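Residue numbers (this note's numbering), protein chains in the order written: chain A, 113 to 304; chain B, 10 to 296; chain C, 361 to 744.
Don't read these hints as lab results, they were simulated from the structure. This one's a predicted model, so the numbers in the text were calculated from it and none came from an experiment. Where hints are given, some of them may not hold.
Derived EDC-like pairs: lysine to aspartate or glutamate, alpha-carbon spacing no greater than 20 Å straight-line [said to hold, decoys possible]:
no., chain 1, residue 1, chain 2, residue 2
1, A, K194, A, D170
2, C, K668, C, E740
3, B, K85, C, E566
4, A, K238, A, E294
5, A, K194, A, D182
6, C, K622, C, E462
7, B, K165, B, E237
8, A, K200, A, D210
9, B, K85, C, E588
10, B, K85, C, E567
11, A, K200, A, E219
12, A, K200, C, D733
13, B, K85, B, E208
14, C, K668, C, D636
15, C, K622, C, E500
16, C, K622, C, D636
17, B, K85, C, D600
18, B, K85, C, D682
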Amino acid sequence: MTRTEIRLAGFGGQGIGRAGYILGKAIALHEGREAVFTQEYGPESRGGASSSSVVASDEPIDEPFAEHPDIWVVMVQAAFDKYVSRIKPGSRLLIDADLVETHDLPERVEVLAIPCMRFAEALSAKIAANVVMLGCLVAVTEAVVSAESLRESIRTSLPPRTLQKNLEAFERGLAFGLELREGADNEPVRTA
Amino acid sequence: MTVLTSQAAMTAGDAGHPLDPELREGRIPHIWCPGCGIGSVMQAFLEAVDTFQLERNRLAVVSGIGCTGRVAGYLKADSFHTTHGRPIPFATGLKLARPELHVNVLSGDGDLAAIGGNHLIHAARRNIDLNVVCINNFNYGMTGGQVGPTTPLGAKTTTSPFGCHEHPFNLVDLVASCGAVYVARWLSMDVRRLRRSIEESFSKTGFTFIEVLAPCPVNFGRRNQLDEAAQGRMLVERSEIRNGADTREVAIPDEGPIVCGKFVDHERPSYLQLLEGLRARLQEHST
Amino acid sequence: MYDRVLSGIHFMSGNIACAEGAIAAGCRFFAGYPITPSSEIAERLAARLPAVGGTFIQMEDELASSIAIAGASWGGLKSMTATSGPGFSLMQEHIGYAFMTETPVVLVDIQRGGPSTGLPTLVGQGDMMQARWGSHGDYEMIALCPASPQELFDFTLRAFNLAERFRTPVLVMSDEVVGHMVERVEIPTAEALEIVERHQPPSPPEELTLPYHTDEVNRIPPMAPAGEGYRVNMTGLTHDERGYPTMNAEGQDRLVRRLVGKIRQHADELELCVEDGIEDADVVVIAYGITARVSQGAVRRAREAGLKVGLLRLQVAWPFPDARIARLAESARALLVPEINLGQLVREVERAAHGATRVVAVSHAGGHYPAADTILAAIEEVNK
Numbered sequence: 113m114t115r116t117e118i119r120l121a122g123f124g125g126q127g128i129g130r131a132g133y134i135l136g137k138a139i140a141l142h143e144g145r146e147a148v149f150t151q152e153y154g155p156e157s158r159g160g161a162s163s164s165s166v167v168a169s170d171e172p173i174d175e176p177f178a179e180h181p182d183i184w185v186v187m188v189q190a191a192f193d194k195y196v197s198r199i200k201p202g203s204r205l206l207i208d209a210d211l212v213e214t215h216d217l218p219e220r221v222e223v224l225a226i227p228c229m230r231f232a233e234a235l236s237a238k239i240a241a242n243v244v245m246l247g248c249l250v251a252v253t254e255a256v257v258s259a260e261s262l263r264e265s266i267r268t269s270l271p272p273r274t275l276q277k278n279l280e281a282f283e284r285g286l287a288f289g290l291e292l293r294e295g296a297d298n299e300p301v302r303t304a
Numbered sequence: 010m011t012v013l014t015s016q017a018a019m020t021a022g023d024a025g026h027p028l029d030p031e032l033r034e035g036r037i038p039h040i041w042c043p044g045c046g047i048g049s050v051m052q053a054f055l056e057a058v059d060t061f062q063l064e065r066n067r068l069a070v071v072s073g074i075g076c077t078g079r080v081a082g083y084l085k086a087d088s089f090h091t092t093h094g095r096p097i098p099f100a101t102g103l104k105l106a107r108p109e110l111h112v113n114v115l116s117g118d119g120d121l122a123a124i125g126g127n128h129l130i131h132a133a134r135r136n137i138d139l140n141v142v143c144i145n146n147f148n149y150g151m152t153g154g155q156v157g158p159t160t161p162l163g164a165k166t167t168t169s170p171f172g173c174h175e176h177p178f179n180l181v182d183l184v185a186s187c188g189a190v191y192v193a194r195w196l197s198m199d200v201r202r203l204r205r206s207i208e209e210s211f212s213k214t215g216f217t218f219i220e221v222l223a224p225c226p227v228n229f230g231r232r233n234q235l236d237e238a239a240q241g242r243m244l245v246e247r248s249e250i251r252n253g254a255d256t257r258e259v260a261i262p263d264e265g266p267i268v269c270g271k272f273v274d275h276e277r278p279s280y281l282q283l284l285e286g287l288r289a290r291l292q293e294h295s296t
Numbered sequence: 361m362y363d364r365v366l367s368g369i370h371f372m373s374g375n376i377a378c379a380e381g382a383i384a385a386g387c388r389f390f391a392g393y394p395i396t397p398s399s400e401i402a403e404r405l406a407a408r409l410p411a412v413g414g415t416f417i418q419m420e421d422e423l424a425s426s427i428a429i430a431g432a433s434w435g436g437l438k439s440m441t442a443t444s445g446p447g448f449s450l451m452q453e454h455i456g457y458a459f460m461t462e463t464p465v466v467l468v469d470i471q472r473g474g475p476s477t478g479l480p481t482l483v484g485q486g487d488m489m490q491a492r493w494g495s496h497g498d499y500e501m502i503a504l505c506p507a508s509p510q511e512l513f514d515f516t517l518r519a520f521n522l523a524e525r526f527r528t529p530v531l532v533m534s535d536e537v538v539g540h541m542v543e544r545v546e547i548p549t550a551e552a553l554e555i556v557e558r559h560q561p562p563s564p565p566e567e568l569t570l571p572y573h574t575d576e577v578n579r580i581p582p583m584a585p586a587g588e589g590y591r592v593n594m595t596g597l598t599h600d601e602r603g604y605p606t607m608n609a610e611g612q613d614r615l616v617r618r619l620v621g622k623i624r625q626h627a628d629e630l631e632l633c634v635e636d637g638i639e640d641a642d643v644v645v646i647a648y649g650i651t652a653r654v655s656q657g658a659v660r661r662a663r664e665a666g667l668k669v670g671l672l673r674l675q676v677a678w679p680f681p682d683a684r685i686a687r688l689a690e691s692a693r694a695l696l697v698p699e700i701n702l703g704q705l706v707r708e709v710e711r712a713a714h715g716a717t718r719v720v721a722v723s724h725a726g727g728h729y730p731a732a733d734t735i736l737a738a739i740e741e742v743n744k
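Isolated chain A (complex conformation) (with noise of 0.2 Å):
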């Protein structure tokens, strides 16, 4: 079992659900593998802390849900607190720098900040923060997805007049990332 799963939470509005599809849409149509990506519905379409998963495998996928996720993307502080109950030991988190504390964390979890909204303000581009994280996302779990795969769903989810912002987001994340990895590969990362 390859069974990979991948949780990304945020703020209502801010792109979770689509970052979550761009990441499976690469997964499975440029990856050669299976993916699922599933949203939380709820009846509000704005505000409150919601989150998308993504399952990615060699094999069919049975249960859809990413309900043991080994990768978190938490874009804000609110989903942080909401979901830091579910995060398993051993798992990894991918923080927005800025926008996020962590607390009460358990074991083994490796916590990347990235300052996803930060670079993307600098892009004049807010809403390319969750473009930002996938890069990063990319450089950092390069065997669930490579970054020639994101970058081809990314040109076929997005409008056509947002693209250039957002490969520029992405290949902004990509490097962050890659830093990091460098880093790692030096010194131990954050844990908890």
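Assemble the complex: chain A is given as a structure, and chains B and C must be docked to it using the hints.
Using the frame of chain A, we list chains B and C on its own:
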């Protein structure tokens, strides 16, 4: 003016009734009681079809459930007998699927205004391209004369044995306020005006509504001291034609004049016209 | 905006795949009323249908939606509605109406937790029996049960083919999880699709005096559309071969037996399921939709633990595969039935098993599917 009753059809002899070719073979005698107004409305409708020279292959008639609901099955048209209250949404689907059809709804007040009331107001709001004739006999005739949405205050029915204590609808005002492009009210006995009005409604584009007040001697009249011809006589005596009257002022009163006439006749883009507009915009966009 | 058939490989949700399956099948009329968790089907078709020359209309309620599609079907168009729990309840009368009037229509039910408003955004499978018995009187329902977005595409298309072939309402009985989950969906080219078109009367209007007369073999009359001179005559009343009301016991027996018979006699060929290692299994899990999908994982893990376990995944729930279940009941020590309700499918399995083996329910009232762990524990328990 001959009224098409079962007696008339049966006594017409070898020559038959002039409208026989418009009816399905073997369906007459019909189920309506002596003195019922529905037969003459059917006659007026068929004559309007004839004088308007409506192409028979394009004629569709949709009915609901109830005494009037049986009209569709008698006519040699594309005819559809639907569920209770739903002839209008059925007709909506039929018309949208096949816009070249001339789709008519003939049904009763209980069918169209009580159980089907929601569909009536929304079809009028959409201005969907349908011609509706609503035969109002003030009660549920087929099920034995129960109180309905048009039963006058105080009238006795099998489910208002002490006299109706609910206010009735002013149907023409209801439909006019929702946006129908043609609204009229006639008596079933006034076959000539009714026929002209139906004919006129055929020429309209959009949602038209004709309320026809019809006696129901057996189930309604009998319980309200209006035996046999008395209810019909009462309607004729009290009726007053006021074309162009404000529909807000033509609620059927407990006493005094019952106002008939053509109340609304104006233009408003119909559902199909708006849909065609949308399609044209999409076409333009894609080329 | 798009082609008629969206050929290619997509990453799409079950609900969107359902809408695309409908369009590929030739559906050109949709009437619906918004309801979670099925609304994406309506939204997709609102955007797609006008571009392919079809019509989308949002009606005032589900009663209107479910009969507007019957009207459009008689107007000659392949027609569909989609809904969930409460809306499906409101549509029941028109399922019986479409059955009685032999009107081909497709209904989609994206099941959610009930009863009543229940769990609008969360999964359920409590419509299993309503799908079969929800309308009054004797009738037969064809209900297809997809377990993936791909199957929502495939089965919606198939539902149209069956509706046209049998002149009957056909249900796509899915659920919230399958409707909302996004997965790879492969849509074939238009040429590769098998599409069934309506069987029209061979004779001209003046010669068609008995529009409901059928041969003794298939018992399905051809269907003349409105507007072609046939003077279509249809009613929900019990009727004879002319379409005239026949208010007596003989007429009722003749008509209803034919209508029910035309489905029942084809029950064998309507049957569709996926068998996975059931031949020599001690325990066979029987499920459909998302529950069957989750069961696959439980069955695999049970086998890894050395147990002889099989899975029968129903792709058609109605007509129910009685004979197949009866055979399984002879060979298996237990039949395990996980479902998202407190016991509906399990009753059918019990009925078909005729007491030949143990039948055990794994039930959940809704909001989530039974976890693979729960199903696995139940397998281990009955295997003791």
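Against the structure, the hints:
1. A:K194 x A:D170: With Cα atoms ~31 Å apart, K194 (chain A) and D170 (chain A) exceed 20 Å; violated.
2. C:K668 x C:E740: Roughly 10 Å between the alpha carbons, so the hint for K668 (chain C) and E740 (chain C) holds.
3. B:K85 x C:E566: Distance of about 12 Å is within 20 Å: holds.
4. A:K238 x A:E294: violated (27 Å)
5. A:K194 x A:D182: holds (17 Å)
6. C:K622 x C:E462: Roughly 11 Å between the alpha carbons, so the hint for K622 (chain C) and E462 (chain C) holds.
7. B:K165 x B:E237: Between K165 (chain B) and E237 (chain B) the Cα gap is close to 16 Å, so the pair holds against 20 Å.
8. A:K200 x A:D210: violated (23 Å)
9. B:K85 x C:E588: holds (13 Å)
10. B:K85 x C:E567: Cα-Cα ~15 Å, so holds.
11. A:K200 x A:E219: This hinted pair holds, its Cα atoms lying about 8 Å apart.
12. A:K200 x C:D733: Satisfied, since the Cα-Cα distance of roughly 18 Å is no more than 20 Å.
13. B:K85 x B:E208: Holds: K85 (chain B) and E208 (chain B) sit about 18 Å apart, inside 20 Å.
14. C:K668 x C:D636: Between K668 (chain C) and D636 (chain C) the Cα gap is close to 11 Å, so the pair holds against 20 Å.
15. C:K622 x C:E500: With a Cα-Cα distance of about 9 Å, the restraint between K622 (chain C) and E500 (chain C) holds, given a limit of 20 Å.
16. C:K622 x C:D636: At roughly 30 Å apart (the allowed maximum being 20 Å), D636 (chain C) and K622 (chain C) break the hint.
17. B:K85 x C:D600: Distance of about 16 Å is within 20 Å: holds.
18. B:K85 x C:D682: violated (45 Å)
Checked against the numbered hints listed earlier, the structure breaks hints 1, 4, 8, 16 and 18; every other hint is satisfied.
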